[in-house]
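Chains as they are written, first to last, in the numbering used here: chain R, 1 to 358; chain Y, 1 to 358.
No lab work stands behind these hints, which were simulated from the structure alone.
Keep in mind it's a predicted model, so treat the numbers as computed, not measured.
Hints may contain errors.
Since the list gives no way to pick out one identical chain from another, each pair is judged satisfied if it fits inside one copy or across any two copies.
With a straight-line cut-off of 30 Å between C-alpha atoms, the simulated DSSO-like cross-links for lysine-lysine are [unchecked claim]:
id	residue 1	residue 2
1	K294	K163
2	K43	K22
3	K43	K294
4	K163	K196
5	K43	K114
6	K6	K43
7	K22	K6
Protein chains: 2
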Amino acid sequence: MVSKVKLNDSNSTRVRASDLQKQLSSIFEAVGTPEDHAEIAAKVLVSASVRGVDTHGVANVVGYSQSVENGVYTTPQQMDIISESETTALMSGGNGIGLVSAYRAMEIAIEKAKKHGLGMISVRDGHHVGMVAYYAMMALEHDMIGMSMTTAAPAVRPALGAKKMLGTNPIGFAAPAGEERDFVLDMATSTVASGKVGLARRIGVPIPAGWAVTPEGEEITNPPEGENETWSLNPLGNTREQGSHKGYGLAVMVDILCGVLSGGGFSNQLARGENMTWVMAIDIAKFRDVDDFKAMMDDMIRELHATPTLPGEDRVLVAGDPEMDATDDRIANGVPVENGQYAAIRARAAEVGVEVII
Amino acid sequence: MVSKVKLNDSNSTRVRASDLQKQLSSIFEAVGTPEDHAEIAAKVLVSASVRGVDTHGVANVVGYSQSVENGVYTTPQQMDIISESETTALMSGGNGIGLVSAYRAMEIAIEKAKKHGLGMISVRDGHHVGMVAYYAMMALEHDMIGMSMTTAAPAVRPALGAKKMLGTNPIGFAAPAGEERDFVLDMATSTVASGKVGLARRIGVPIPAGWAVTPEGEEITNPPEGENETWSLNPLGNTREQGSHKGYGLAVMVDILCGVLSGGGFSNQLARGENMTWVMAIDIAKFRDVDDFKAMMDDMIRELHATPTLPGEDRVLVAGDPEMDATDDRIANGVPVENGQYAAIRARAAEVGVEVII
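Only chain R is shown next, with the shape it has when bound in the complex:
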């Protein structure tokens, strides 16, 4: 079974989150990103690393800053509001850093929700947004429920289909608890995120049946190198009998809210690296007393935690638990950065001419 590569003292280096923030921010600035945008991009990447979502973490500063440098990402990006109502906006990401436009969109959604109860933004002309739940989580400190989705170029087949037509089109959803940890869901609508297949390849283990198929519909257990140009990930549910139309249906829902509602294009119209994004904020206080809401969240989370487990399992988790376990460790002890990635970030800092501080 492919689980995460365990980062430890021999394969990684612990770095304080605040130092990573400074280092990443300085790299983004050095290639021409305005300071405020550089800080946002760094913050989203560091947050992913702190939460243990290393595939979307600090190492991405290398590629993203290259995209800024070579003009694939437009900098400074112009984030125009194309249309707007009290509660909604269609925004352009200005073909800039996806992290920055998704962040800005959620800021606007929260402002609108404060005034009118709800805020919803669909973002076109965008790029990769990293850990999608980040934007949903921005709602938490405002006592709001947040939701975020992003659509991407094809990697996943439709139910009953044999060719990739949909992105992994993930869904983020965050709701605040009181004494318990907040509920934070972050899920690709495919059986697994693409990153897990790449990970299996890097560490040299086969992937389980149910994750990917050839164009002939045959199971792949040893995925070929590179992007999945010739094969497809399976939608969540995988087979007709186990509900593949559900993962597929959710992926299309994400495509509609992100790609069609924004006009930026659905998965099959997107080039690799293009992402259209959708965010929503819901002001809980417009519905009921926030403390009562959080107390009920706590009750729900405690009851779920207390569920008897399947044989061989330690405990029943609630969405966000693994990431908060990682956060507790990484805030206290520093963020482990895999040694190859650590070297790459340092090299990139030197290359763009900023002080290496990690």
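Given the structure of chain R, go ahead and fit chain Y onto it with the hints provided.
Only chain Y this time, still in chain R's reference frame:
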């Protein structure tokens, strides 16, 4: 494999949808449901039957009208708005007919979306709402995107857990197309809806591995009689490796929006038959030109339909296709009502003293 029981000339009777509407409406009225509520309840049930969703169709008039008669459903139901903002409302279903309160909630959501772009209602004190996508679909004729969810008493285990803690907590999502059929997703967040297990039992076939487990986590292939008091349905994804935390996470998301946001209670606090419901309407025109939106929907749907299939499959479907195939047939040729259910509806009509017109 369990698929639908094929209704044919020997096991069912074709009835015109308009006659079913009149018959059901008259039964609801006869037990004390106000005329307008009776018509709504009938409309939702007939719509499910027309769409081929027979588990949520016309036969339910028998049980629902008994619940009205014996006071389990309060009639006439008082649907108070407990709190309200321009875009949101917390509504009580008045412990009445769930179909009526969900319908009313979506009417309000659409009114709010017309004025302010978005409308969102969470409904407490509710009962079973039938086919959940009905309410999302109400948005379509207003050129809106609709979304609807409902939470229910436990039937499904959490990922890694062995005891049912969550309802099948389905999600409905509808978005209008132009020349193509509208996109209508209606999915339980469990591997299968409860109805399929009951169906397997009735027709005497085993259920596949992956649908249900004992409290010891063992696969069930021959589910015991009655409700799943001792066993659990699996969340969509089923195993850790295939993404059971995703189906589980979605089920909790539904619980939060329906049960916690409304204050009506999450799944594990609900008695069987209690359902809390959430609906949202999104006015597409606030984002972009509606015709352009629909044209892009058409393009997306056509491309999905044109996907090469897995071996042995006829065609790639888009959510809503099977229901529209059924609708085309059933509007033209009448709605097939399984003979036992046909007799039960007629008997119920006679029992409550209304003319038997089907």
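These are the hints, each one checked on the structure:
1. K294 / K163: Classified as between: cross-chain Cα gap 24 Å, same-chain 44 Å, threshold 30 Å.
2. K43 / K22: Only inside one copy: K43 and K22 sit 9 Å apart there, 60 Å across copies, limit 30 Å.
3. K43 / K294: within (27 Å within a copy, 37 Å between copies)
4. K163 / K196: Close inside one copy (20 Å) and across copies (29 Å); limit 30 Å.
5. K43 / K114: For K43 and K114, the Cα distance is within 30 Å only inside one copy (23 Å; across copies 37 Å).
6. K6 / K43: within (23 Å within a copy, 56 Å between copies)
7. K22 / K6: within (26 Å within a copy, 65 Å between copies)
When the structure is compared with the earlier hints, no violation turns up for any of them.
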